[in-house]
Amino acid sequence: MAAPAKGTSRTAQNDVASIKKKGPGALATAYLVIYNVVMTAGWLVIAVGLVRAYLSKGSYHGLYYSIERPLKFFQTGALLEVQNEDSVLLFVVAWTVTEIIRYSFYTFSLLNHLPYLIKWARYTLFIVLYPMGVTGELLTIYAALPYVQKTGLYSVTLPNKKIELYEMGWNLREGLRDCLIAAAPYGGPIALLKESQRRERSASARPLLEIYSAAGVPMASFPWKSGVVVHIGWTVSDDLLCIQEDGTVLIYDMFGNFRRHFSMGNEVLQNQVIEAKVFHSAYGTGVAIVTGAFRFTLATNIDDLKLRRLPEVPGLQVAPSCWAVLTQDRQTKVVLASGKDLYVLDNTACTPVTPPGIDPQVSSYFQMAVSFSYKYLALFTDTGHVWMGTSNLKEKLSEFDTKVRSPPKQMVWCRRPKSQQPSVVLMWDRLLLVAGKCKESIKYPSQCKESQKADEYLREIKEQNLLPEAVKQCVEAAGFEHEPETQKILLRVREYKQMTVQVLIDRLVFRRLYPLAIEICRYLKIPEFQGVSRVLKHWACFKVQQKEEPDDVIACAINQKLGDTAGISYSEIAARAYECGRTELAIKLLEFEPRSGEQVPLLLKMKRSQLALSKAIESGDTDLVYTVVTYLKNEMNRGDFFMTLRNQPVALSLYRQFCKHQEQNTLKDLFNQDDDHQELGNFYVRASYGEGSVEARMAALQNAVDEFNKAKNEFSARATEEQMKLLRWQRRFQEEFDKPYLDCSLHETVHSLLQDGKHKQAEQLYKDFRIPDKRFWWLKISALAEKEDWEELEKFSKSKKSPIGYLPFVEVCVKHQNKYEAKKYVTKVTLEQKVKAHLAVGDLEQAVEAAIERRSESELNLVLSRCTPTTDRALLDKINRARAGALKK
Amino acid sequence: MTRISGAWSSHDTVVLSVKMAAHLSYGRVNLNILREAARKELREFLDKCAGSKAIVWDEYLTGPFGLIAQYSLLKEHEVEKMFTLKAGRLPAADVKNIIFFVRPRLELMDIIAENVIGEDRQRSQRDFHILFVPRRSLLCEQRLEEQGVLGSFINIEEYILDLIPYDGDLLSMESESAFRECYLENDQTSLYHTAKGLMTLQALYGTIPQIFGKGECARHVANMMLRMKREFAGSQNQILPVFDSLLLLDRNVDLLTPLATQLTYEGLIDEVYSITNGYVKLPPEKFTQKKQGEGGKDLPTEPKKLQLNSAEELYAEIRDKNFNAVGSVLSKKAKIISAAFEERHNAKTVGEIKQFVSQLPHMQAARSSLANHTSIAELIKDITTSESFFDNLTVEQEFMTGVDTDKVNSYIEDCIAQQDPLIKILRLVCMQSVCNNGLKQKVLDYYKREILQTYGYEHLLTLSNLEKAGLLKPQTSTRNNYPTIRKTLKLWMEDINEQNPNDISYVYSGYAPLSVRLAQLLVRPGWRSIEEVLKMLPGPHFEERQQLPSGLHKKRQQGENRTTLVFFLGGVTYAEIAALRFLSQMEDGGTEYVIATTKLINGTCWIKSLMDKLEAPPF
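Here the protein sequences line up with chains A and B, keeping their order. Note that my numbering numbers the first sequence so that position 235 is 235, with each residue one more than the last. Count along the second sequence from 1, add 1000, and you get the number used in my numbering.
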């Protein structure tokens, strides 16, 4: 971008040319004439180009590009890029006209033939052309400024290590004493709450909550109207947590807007929070509190609140002198000090611990600090020593004698850039001390009285950590490391990196710098799913809050930008729109959601239950249908609810299933509503089995009969009537014979009567229920055989011609091990069944005879299969001969 | 509360898990990938609950889980105790975590709530977790909330266990009630799980380019799959497709096949002793080890439990044979094995002896496998040679060939009169109804009345269920189209060769399962040739194509077989599987089949699942 330099350099050249005018040599004159002619011609080319382009395009847009090449050629400074086309055009036109006039003026004056017209033009037109050119140049310079800033063009980086990127904008009216202060990790916003502890509150003396950016630019400020705040802290997503004495935690965003609140449990209400901490882990942001009863309560992730009350510390009478939260092996623990004892509290137990190599003279711990990664722990003892070790308290890294006996105001871990050694920074009122592993320390006599400056300084160190670089090195190192444990540690750092890129993008998004966030995602090649899609989603969520734009426009704009980008959840955006009170917009947005399952919860929330039901059914996810149905059930009156179901058969049958197992009576109502008499009949049949008395059961069955009749299901009606009839009979028999008959089938009842010799009653049932002859005969003979009443059996066989033939007689006798009786009936068996009958009584020879007589090969085979080769040799021969004979025929 | 034994007993686990995994990868498609994915997910969940654990099982799940992981895997992840989910209090266990492994059912939620409430009063140190199988449910979580225990759970997660690798070419959802839910109760939950399972399968094995289907449920599943694919738009699957096509078949397209008695070796084992989750329990008498000097020992009373899958070489060879062909294979094997053992006499040099010894474990395994199967075959033979089995089969075959299907069958009458097991009767009556395209009202009413009078009026609802499912129906149209279907699809083959079959009909000794015929005809000559018959069968038939990302189109080598996944919605029998395996092995078949189903069924358990059991309280 050399445009800005052009004007001045060229003017200088102009002056040189006019000075040398006095006495040029012949050669010089010739050169100058040629030069000036060429330049005039050149500028003419540009002018003609401009005019031609204007004529052909009819507009001045894009004119610059049509003359770009000749212009660059004839202009010494190269035009790299054009920021503002209009302004460029302005000065190009101006200078073109000027140059043509100027060079022609020079040429003619060199040749000493200066026409008046040119002289006039040169000294008159500049009045218009110069201001025009200068204005154009200024405009161009102005337009180019951001580009220069971005590219660093014309900037010289000073060799100093510290660069002031921006100026601190702090404008604190009062000191920071009596302030609660919280700075978000990774250089996020800073919150101050002044005089939070003041008890007596008048409206005028309300504490003030202020939020600043890391550079000290005020972002929000409002008077604190809630309860007494014990602690403030930031979440990973830049939300501010204000933990009150009564255990309520209020959440604000970084612009000071109230988000929501939650409570740390009922126990806190009585005992009050005496101290609280906000901590970060892989699960998100957590809160830890200690109550007046010296009990700790943890919430590991405030977005998925699960309170854990940690076990009691035995014998703890006073508040712990110091404590810290740390996350190890996916578990969150609390380390606390009370007197000379240290304890680790986890979900299940309170374990006393002793740091390895601690001075036995230590009788109290003043301060405790856990490193950001929860790997290291530092303890400041009453002997003035700093003990540094791993946070699992298994290993000591070093110990350092500060020679200061008073408790430090603050103690923090830090790691210098490119150093593998973590160190601890301690601060007293007038002393800042960095203690490391190597027994050395750096002391900074503190110049500022306000301790928070130190905090600022520390944060700067943290920021300069050059995390990505370190992470890269760690991954490389992991490759060389053969010990798996070490490898794991190194790789764990890598996970950290991914988190930070996410954090970075989140940060940008929270600050509404969407285009920048997208550029970064693309540059870092973050998978679309986690990167661009997420940013776009946030953008859309922000977009829906713009109240001035109509629903259609926003929905359309969002869909255009997002399209079918992978991982975009339109339902989330819609949810946001709904939160902002834009239900119609939310519904429009939901239309773009391809996963119908995702649409349902929001539709329910928006009370579009009918639509929700159709969407749930569309998704095929029956659980979702159930959810909507239960919701509808609670929301609607019964009639409407049933009507809704009626229009959705899928939902209806699912609800029926639900009722069948959970609400029998509703089921009945449903069938009633649909006039489904068949199902009502079935319902009463089922219900009858739940009844305790015969009368009640009869009543239910009568209902069933009525319903079956209405359903025109004659068979079921008759069958149920029969069942009632049977029940009546059974009750009678039960009373008469003092034997349980109820709940036996008709068949079993008759069988049992026959077995008991109650032939008359059996006969009655046989007639009353029109039992088919065949079955009755079967019933009777098997009952008699079972009873071994052979005489009665024989009598019965002769009573009339058996409808089932006589083979069954043989079989029942054999079944009850009476071959003698069986044989009596063999002769009566028809020819077709003779073989079977003989076989049944084990008479192989007769069976063979019968089979031969019947000339049946299959029957011969049957007999054959019953013969044993060793004992029945003669028979086998006979059969084989017969088979051979049969085959011949 | 009892400790769970059986599939979860801790012995022989490591060996088993290795063995299990191996046979899954033998097939055309390496189903072990699926199993490993499932195992990984299980491990990840267990690790989420740090510390010692006790698992409280929904008893129904132990069987299916046994196919995924043995006890050893759980033990490695600090599972110290296992209990069955039961009302009341949890048994004492010194563990940090209590994990409930449950199906998302409301009645189970009530039990869990009871457990948790009872527990809280005792001591509050234990963490509770729930793992929903196969999917978490809002409805259940709501119920837990109503019971006031939802907050007590640290983790509430789902374990997506839809399609469980059952064998090298077989996937099952092991969902017993799927048929009943779909066809009786119009509850399509299992179809949703099917679609989800197929999506998981596609995520691992690539998008299946072609989907064919027949039946209402098949249509529904295909619709859901296509919809879910759209929902995942953007995350393109970049895996080269393993399956060339998917065939979705409704069980109610072919109601006949499961009713018929299966006549393959495996089918008969299932018919007689019922195989559950890959295991069969057998009467122990035949399995006593005949050791010298122990002649007088007592017979064991515990049933003998055997795992049946293709990991066992011999079983893989005979499982799909017609039972009549099993004997000869067994005796041939016996000769080979004893010959192999005889080899030791020929082993003269140290090298030869060493070689012999090295083969010994394999030979011994083969010998014990042979002994087991000889015993099973004997047990089954006792049944197949019985008169009642023969009579029953005769009637079945009469029905299937269309003999006298329109009259009351006297054999059925006799069986009812003798109070044979109800399910046997129902199988026969339903079969007659299916083979006659419904029974004349008079005949149907007669059967129904006989059944109600003999077995009790409480079966009225069961009969009504069978009618709803279409297994039993009055003849509506005068024309019986079953003979047309039978002839067009060649469902009955006269000259079958049980020893060296040349057609799938060998699995039922004459009857070719309709479902498998449909699969066979789909490949050659295509369904267009049987449009007429397809129209007679219930539900629509369809074909869908799924777009593959460019570059994933398979270039088939000359002579390379296609792979088709046949999904039976509502269950499949072992005989049908055998028939499909037979088709896979046909030299000119050109298609290999992988079979998936909601549940492995036989006529008995299938009919049982449709029965409504009503019992009155004692007066």
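Simulated from the structure, these hints should not be mistaken for lab results. Computed from a predicted model, the values in this text were never measured in an experiment. A few of these clues could be false.
The calculated label-pair distances, taken between Cβ atoms and stated as ranges, are [what the hints assert, rightly or not]:
| # | chain 1 | residue 1 | chain 2 | residue 2 | range |
| --- | --- | --- | --- | --- | --- |
| 1 | B | Q1499 | A | K760 | 58 to 68 Å |
| 2 | B | L1204 | A | N392 | 19 to 29 Å |
| 3 | B | K1305 | A | P740 | 20 to 30 Å |
| 4 | A | E267 | B | K1305 | 52 to 62 Å |
Below 25 Å or equal to it, Euclidean Cα-Cα: the simulated PhoX-like pairs (lysine-lysine) are [claimed, not checked]:
| # | chain 1 | residue 1 | chain 2 | residue 2 |
| --- | --- | --- | --- | --- |
| 5 | B | K1440 | A | K712 |
| 6 | B | K1407 | A | K774 |
| 7 | A | K801 | B | K1407 |
| 8 | A | K306 | B | K1407 |
| 9 | B | K1096 | A | K394 |
| 10 | B | K1048 | A | K306 |
| 11 | A | K660 | B | K1468 |
| 12 | B | K1424 | A | K660 |
| 13 | B | K1048 | A | K375 |
| 14 | B | K1613 | A | K660 |
| 15 | A | K836 | B | K1381 |
| 16 | A | K725 | A | K760 |
| 17 | B | K1040 | B | K1086 |
| 18 | A | K561 | B | K1440 |
| 19 | B | K1424 | A | K774 |
| 20 | A | K815 | B | K1081 |
| 21 | B | K1381 | B | K1333 |
| 22 | B | K1442 | A | K767 |
| 23 | A | K588 | B | K1048 |
| 24 | A | K739 | A | K668 |
| 25 | B | K1424 | A | K836 |
| 26 | A | K815 | B | K1381 |
Each residue gets a CB set at the ideal place from its N, CA and C atoms; glycine is no exception.
Here is what the structure says about each hint:
no.	hint	result
1	Q1499(B) with K760(A): 58 to 68 Å	holds, 59 Å
2	L1204(B) with N392(A): 19 to 29 Å	violated, 40 Å
3	K1305(B) with P740(A): 20 to 30 Å	violated, 38 Å
4	E267(A) with K1305(B): 52 to 62 Å	holds, 53 Å
5	K1440(B) with K712(A)	holds, 18 Å
6	K1407(B) with K774(A)	holds, 16 Å
7	K801(A) with K1407(B)	holds, 24 Å
8	K306(A) with K1407(B)	violated, 69 Å
9	K1096(B) with K394(A)	holds, 24 Å
10	K1048(B) with K306(A)	holds, 16 Å
11	K660(A) with K1468(B)	holds, 17 Å
12	K1424(B) with K660(A)	violated, 28 Å
13	K1048(B) with K375(A)	holds, 21 Å
14	K1613(B) with K660(A)	holds, 14 Å
15	K836(A) with K1381(B)	holds, 20 Å
16	K725(A) with K760(A)	holds, 18 Å
17	K1040(B) with K1086(B)	violated, 28 Å
18	K561(A) with K1440(B)	violated, 66 Å
19	K1424(B) with K774(A)	holds, 20 Å
20	K815(A) with K1081(B)	violated, 51 Å
21	K1381(B) with K1333(B)	holds, 18 Å
22	K1442(B) with K767(A)	holds, 20 Å
23	K588(A) with K1048(B)	violated, 39 Å
24	K739(A) with K668(A)	violated, 36 Å
25	K1424(B) with K836(A)	holds, 23 Å
26	K815(A) with K1381(B)	holds, 22 Å
When held up to the earlier numbered hints, the structure conflicts with 2, 3, 8, 12, 17, 18, 20, 23 and 24 and fits the remainder.
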